[in-house]
Amino acid sequence: MNNMIELSTVTRSYHRGCERIRAVNEVTFSVAPGEFVAIVGPSGSGKTTLLNLIGCVDKPDSGIVKIEGEATNDLDEAGLTRIRARKIGFVFQQFFLLPTLTALENVQLPAVFLRNGDRSARATELLDRVGLSSRGYHLPSQLSGGEMQRVSIARALINEPKLLLADEPTGSLDSANADIILATLRHLNAAGLTILMVTHNAELAAKAGRIIALKDGQIIASA
Amino acid sequence: MNLLTLSLKDLRRRRTRSALTVAGVALAAATLFSLLSFNSGYRLALQKEMSDSGIHMFVSTEGCPMEAASLSLHGGEIPKFLPEERVPAIRAAPNVRAATSILIFSVPGEGKRVDLFYGADDEFPKLKPHWKLQGSWFTNEQSIVLGAEAARVEKRTVGDKVFFPELEAEFTVSGVLERTGSEDDGWFYIPLKTAQRLFKKEGKLTGVGVNVANVERIQQTKEALEQIPDAYVVTAQQMMEQILKLIGSSKTLMFAVLGIALAIAVLGVLNTVLMSVMEKLREFGYMRCVGASPLDIFKIVLTETVTLCLLGGALGVIVGALGSSVADQLIRQVLPYAPAGKMVVFDATMLVLTLVVTVGIGALAGLYPSWKASHASPMEAIHNE
Ligand SMILES: Nc1ncnc2c1ncn2[C@@H]1O[C@H](COP(=O)(O)OP(=O)(O)OP(=O)(O)O)[C@@H](O)[C@H]1O
Ligand SMILES: [Mg+2]
Chain A
1 MNNMIELSTV
11 TRSYHRGCER
21 IRAVNEVTFS
31 VAPGEFVAIV
41 GPSGSGKTTL
51 LNLIGCVDKP
61 DSGIVKIEGE
71 ATNDLDEAGL
81 TRIRARKIGF
91 VFQQFFLLPT
101 LTALENVQLP
111 AVFLRNGDRS
121 ARATELLDRV
131 GLSSRGYHLP
141 SQLSGGEMQR
151 VSIARALINE
161 PKLLLADEPT
171 GSLDSANADI
181 ILATLRHLNA
191 AGLTILMVTH
201 NAELAAKAGR
211 IIALKDGQII
221 ASA
Chain B
1 MNLLTLSLKD
11 LRRRRTRSAL
21 TVAGVALAAA
31 TLFSLLSFNS
41 GYRLALQKEM
51 SDSGIHMFVS
61 TEGCPMEAAS
71 LSLHGGEIPK
81 FLPEERVPAI
91 RAAPNVRAAT
101 SILIFSVPGE
111 GKRVDLFYGA
121 DDEFPKLKPH
131 WKLQGSWFTN
141 EQSIVLGAEA
151 ARVEKRTVGD
161 KVFFPELEAE
171 FTVSGVLERT
181 GSEDDGWFYI
191 PLKTAQRLFK
201 KEGKLTGVGV
211 NVANVERIQQ
221 TKEALEQIPD
231 AYVVTAQQMM
241 EQILKLIGSS
251 KTLMFAVLGI
261 ALAIAVLGVL
271 NTVLMSVMEK
281 LREFGYMRCV
291 GASPLDIFKI
301 VLTETVTLCL
311 LGGALGVIVG
321 ALGSSVADQL
331 IRQVLPYAPA
341 GKMVVFDATM
351 LVLTLVVTVG
361 IGALAGLYPS
371 WKASHASPME
381 AIHNE
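Protein sequence lines, in the order shown, are assigned to chains A and B. Under the numbering used here, the first sequence has 84 at position 84, and the numbering climbs by one with no breaks. Under the numbering used here, the second sequence has 213 at position 213, and the numbering climbs by one with no breaks.
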């Protein structure tokens with residue numbers, strides 16, 4: 001059976017002035033279907049960069065990223081779009097909600113692009129699940145950071161992806177709400193969803209099935 | 001929610017800008033609609049005027065028969081005249097139903113006014129079956145029939161006397177014409193003999209108006225009439241073509257103005273949509289991150305553009321329809337010859353054509369911004385935070 005995620009010697013570097021920073025440096029690892037993996041590491045260690053590479057919103061300079069056995073390096077725009085829309089739910093660190101859409105509409109947005117019919121009922125249900133049933137008609141500008149974070153989690157789940165990439169999904173939440181989100185993620189994981197979650201919270205990471213620790217763009221520990 | 005919702009959201013976000021763009025498009029669409037309506041209405045109005053004049057052919061003498069013929073509609077003077085003795089031959093020609101001898105004069109009256117006199121015989125009313133006459137045609141040599149407009153200006157009605165100082169002649173109004181909406185309204189009709197005497201043109205005619213029995217045989221009739229010495233014939237059809245040729249250049253000018261209006265509208269749409277696309281490149285990038293294809297983004301922006309143009313086009317058609325009499329007046333002023341009837345005539349075809357053209361060129365203007373937006377990069381969107 002194919003791995004859900006497979007990375008081999010993936011490198012992504014940025015120029016800062018004349019300096020070249022390897023944000024992700026020859027990283028190799030794989031995630032089996034149904035796993036719940038936490039990625040930890042200090043700020044700037046390359047966690048977001050790594051997630052972007054897996055989520056097909058960034059491209060590596062070298063190395064191969066495979067999603068369900070499909071190498072994304074070779075895919076054209078249409079292929080990447082298909083993977084982003086069908087296979088992956090992405091909770092971005094900065095949410096990336098559309099300012100003109102209400103919470104409910106933001107949650108539905110990926111379904112619109114998938115021509116998935118009217119998903120407003122499911123969107124309402126998802127908002128309910130992340131504890132935001134009363135905020136459906138609010139614009140992002142009318143929401144707190146934690147609320148926006150939960151909207152973006154609901155959005156990541158609307159198309160029922162196989163893989164959830166979550167960049168600090170509880171970073172802006174109090175412990176009560178963080179617990180709700182974690183419980184939701186574990187529940188989804190139990191139902192078969194593969195989860196790759198970045199977190200600073202050691203307690204949260206401990207509840208994942210596996211922890212990958214990054215430092216300076218490289219894996220320093222995997223357990 | 002669907003792609004259309006996303007497009008409309010964006011238009012609503014920038015209300016003022018959208019409204020101004022719609023206004024620009026509406027202006028161009030109104031111009032387009034009016035000119036298209038004019039273009040189709042003008043020919044009809046001209047045709048109606050020609051058929052209302054009841055004169056299928058105009059026989060005059062050597063010189064410029066076209067000029068003589070247009071005199072019969074508008075007034076003015078020509079130096080050459082047709083001898084009256086040709087009239088029986090004209091009447092006798094095959095297919096001629098009625099022929100009326102005409103002597104036309106325009107005389108400067110009080111102030112800037114020009115009085116138009118139509119010396120006509122008793123055949124004349126036969127060529128005007130649609131005329132509604134209050135009173136009667138000439139009852140004696142000093143009778144006068146007034147066109148509706150002439151009657152209004154002179155403030156005279158049936159039975160009144162009219163004195164023309166410039167002619168030193170007094171007439172009694174035997175009839176007043178009901179308004180026809182054509183050139184006929186402005187004339188003073190006086191008996192031919194009286195006109196010939198007053199203007200010292202005994203035995204002479206400006207021409208003879210001919211009404212034929214069978215319109216399809218006009219060409220043969222024309223050829224027959226041209227056998228008569230001194231006779232030059234011009235048909236209503238020829239006149240109309242001449243007039244259409246005459247207004248050709250005015251039309252070119254009007255359509256040039258239209259072209260400019262359309263170009264400005266297109267640039268306005270392009271500017272509005274391109275600006276909003278540039279402001280939202282990052283948002284399009286976010287959409288790409290959550291599964292939008294380049295084509296989705298393209299459609300969103302193009303729909304936005306088309307909606308702007310459709311709104312503008314609809315508004316323009318309404319404005320054009322409401323302002324049709326204004327348009328009629330404006331166009332009348334630039335034309336060398338305008339028929340008296342309404343020229344700007346609306347029909348559904350023109351309405352649809354206007355909308356199609358507006359939306360079509362609007363969509364064209366939206367192609368580049370849509371293409372630009374569809375190339376919004378998800379990577380740039382998430383990196384330049
Ligand atoms: N667009 C960019 N241009 C230049 N350098 C970048 C860019 N994005 C990230 N980097 C650099 O790459 C390195 C890794 O960044 P990344 O965002 O992946 O870290 P992170 O582990 O997610 O940090 P945090 O925990 O603060 O979110 C950092 O040194 C960062 O400065
Ligand atoms: Mg990060």
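A few of these clues could be false.
Not everything, but these chain A residues come out facing chain B in the computed CB check (under 8 Å) [unchecked claim]:
#	residue
1	F90
2	T100
3	V112
4	I219
5	S222
Covered stretches of chain B (in silico footprint by chain A; criterion: 3 or more residues with CB under 8 Å from a CB of chain A, positions within the stretch not fixed) [what the hints assert, rightly or not]:
#	region
6	3-15
7	202-212
In case anyone wonders, no lab produced these hints; they're calculated from the structure. In this text, a Cβ means the ideal position worked out from N, Cα and C, and glycines have one as well.
We went through each hint and held it up to the structure:
1. F90: 7 Å, holds
2. T100: Status holds, d = 5 Å.
3. V112: V112 of chain A check passes; min Cβ-Cβ to chain B is 6 Å, inside 8 Å.
4. I219: I219 of chain A check fails; min Cβ-Cβ to chain B is 23 Å, beyond 8 Å.
5. S222: Violated - the Cβ of S222 of chain A stays beyond 8 Å from chain B, reaching only about 26 Å at its closest.
6. 3-15: Answer holds; 6 residues pass the 8 Å Cβ test.
7. 202-212: violated (count 0)
Violated hints for the displayed structure, listed by number in ascending order: 4, 5 and 7.
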